[in-house]
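First to last, the protein sequences are chains A and L.
Under this note's numbering, residues 567 to 681 are what the first sequence spells out, in order.
Under this note's numbering, residues 49 to 160 are what the second sequence spells out, in order.
Keep in mind that the hints are not guaranteed to be accurate.
Said to hold, decoys possible - So the derived label-pair ranges between C-beta atoms look like this:
#	chain 1	residue 1	chain 2	residue 2	range
1	A	G609	L	F144	43 to 53 Å
2	L	R128	A	S627	24 to 34 Å
3	A	A647	L	G64	45 to 55 Å
4	A	R594	L	H58	34 to 44 Å
Unchecked claim - Away from chain A, derived, C-beta distances all over 10 Å, residues of chain L:
#	residue
5	T61
6	M63
7	R70
8	S75
9	H77
10	Q89
11	E101
12	S106
13	D110
14	Q112
15	P118
16	N122
17	T124
18	I127
19	L132
20	R156
What the hints assert, rightly or not - Now the stretches of chain L that chain A is said to cover, found in silico as 3 or more residues with beta-carbon under 8 Å:
#	stretch
21	91-97
22	149-155
Source of the hints: derived by calculation from the structure; they are not laboratory data.
All values derive from a computational prediction rather than experimental measurement.
Here a beta-carbon is modelled for each residue, glycine too, at the ideal position from N, C-alpha and C.
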Amino acid sequence: AQKVTQAQTEISVVEKEDVTLDCVYETRDTTYYLFWYKQPPSGELVFLIRRNSFDEQNEISGRYSWNFQKSTSSFNFTITASQVVDSAVYFCALRLDFSYDKVIFGPGTSLSVIP
Amino acid sequence: EPEVTQTPSHQVTQMGQEVILRCVPISNHLYFYWYRQILGQKVEFLVSFYNNEISEKSEIFDDQFSVERPDGSNFTLKIRSTKLEDSAMYFCASRFGTDTQYFGPGTRLTVL
Numbered sequence: 567a568q569k570v571t572q573a574q575t576e577i578s579v580v581e582k583e584d585v586t587l588d589c590v591y592e593t594r595d596t597t598y599y600l601f602w603y604k605q606p607p608s609g610e611l612v613f614l615i616r617r618n619s620f621d622e623q624n625e626i627s628g629r630y631s632w633n634f635q636k637s638t639s640s641f642n643f644t645i646t647a648s649q650v651v652d653s654a655v656y657f658c659a660l661r662l663d664f665s666y667d668k669v670i671f672g673p674g675t676s677l678s679v680i681p
Numbered sequence: 049e050p051e052v053t054q055t056p057s058h059q060v061t062q063m064g065q066e067v068i069l070r071c072v073p074i075s076n077h078l079y080f081y082w083y084r085q086i087l088g089q090k091v092e093f094l095v096s097f098y099n100n101e102i103s104e105k106s107e108i109f110d111d112q113f114s115v116e117r118p119d120g121s122n123f124t125l126k127i128r129s130t131k132l133e134d135s136a137m138y139f140c141a142s143r144f145g146t147d148t149q150y151f152g153p154g155t156r157l158t159v160l
C-alpha cells in the first residue's frame with residue numbers, strides 16, 4: 567500500500583530560524599512522483615514542487631530547498647530564514663506512475679512562524 | 049496565470065438537501081478531480097474524471113455523489129442528500145499533460 571507520513575504535527579519557530587519539515591513515503595513502485603503543497607490560513611492548496619523518483623537531485627528555490635533520498639524514502643523540505651508569511655500547513659504527497667489520478671496526501675505539518 | 053476557480057466559496061445547507069459544487073478547471077486541462085478535506089484532517093481523493101467519464105473513485109465516493117461536466121468549462125460535484133459528515137472543504141483540481149494537479153481555492157461546505 568502507498569502511504570505518506572509527516573511525523574511533525576505542529577512546529578513553531580521564531581522568525582529567521584531555519585526549519586525542516588519531514589516527509590517519509592511508502593511505495594513498492596519504482597516510478598512515482600512526490601509533491602509538496604502549502605495550505606495558508608486562507609485555505610487554498612498551493613503547489614510548491616514536484617519530483618519524480620528518478621531525479622534525486624536536490625532543489626533550491628529561493629529560501630526553499632528539498633532533499634530527496636530514495637534510500638530512506640524521504641523527501642524533506644527546508645525553509646531558510648523563515649518568515650511570518652511561511653505560516654501554513656504543508657502537505658507532502660505521492661502519486662504513482664501507473665495512476666494518473668489519485669494523489670495521496672500526508673497528514674500535514676502545521677508551521678507557525680512567530681515574529 | 050491561469051487558475052482553477054470554484055464557487056461558491058462557502059455553502060451552508062440543511063441535512064438531507066442536495067448541493068452542487070462548481071468548478072472551472074484551467075481551460076486546456078483534460079483531467080479533473082475532486083478532493084475533500086475534513087477540518088483539521090488530510091486531503092482525501094474523491095474522484096477523477098477524463099473524457100466525460102469517471103476514471104477512478106475512492107470508497108468515499110458512494111452513490112450519494114456524482115460528477116458532471118455539463119459544458120466545455122464547468123465541472124460539478126453533486127451530493128444528493130447531504131449528511132452532517134459531509135461538512136468539509138471540497139477542492140477541485142485539474143491537470144493537462146504534466147503530472148501536477150493544480151487545485152482551486154476550495155468550497156467550504158457546512159451541513160447543519
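For each hint, the structure was consulted:
no.	hint	in the structure
1	A/G609 - L/F144: 43 to 53 Å	violated, 24 Å
2	L/R128 - A/S627: 24 to 34 Å	violated, 43 Å
3	A/A647 - L/G64: 45 to 55 Å	holds, 51 Å
4	A/R594 - L/H58: 34 to 44 Å	holds, 41 Å
5	T61	holds, 19 Å
6	M63	holds, 23 Å
7	R70	holds, 16 Å
8	S75	holds, 18 Å
9	H77	holds, 12 Å
10	Q89	violated, 7 Å
11	E101	holds, 12 Å
12	S106	violated, 7 Å
13	D110	holds, 17 Å
14	Q112	holds, 20 Å
15	P118	holds, 21 Å
16	N122	holds, 19 Å
17	T124	holds, 18 Å
18	I127	holds, 19 Å
19	L132	holds, 20 Å
20	R156	violated, 7 Å
21	91-97	holds (count 4)
22	149-155	holds (count 6)
Violated hints, in rising order: 1, 2, 10, 12 and 20; the structure is consistent with all others.
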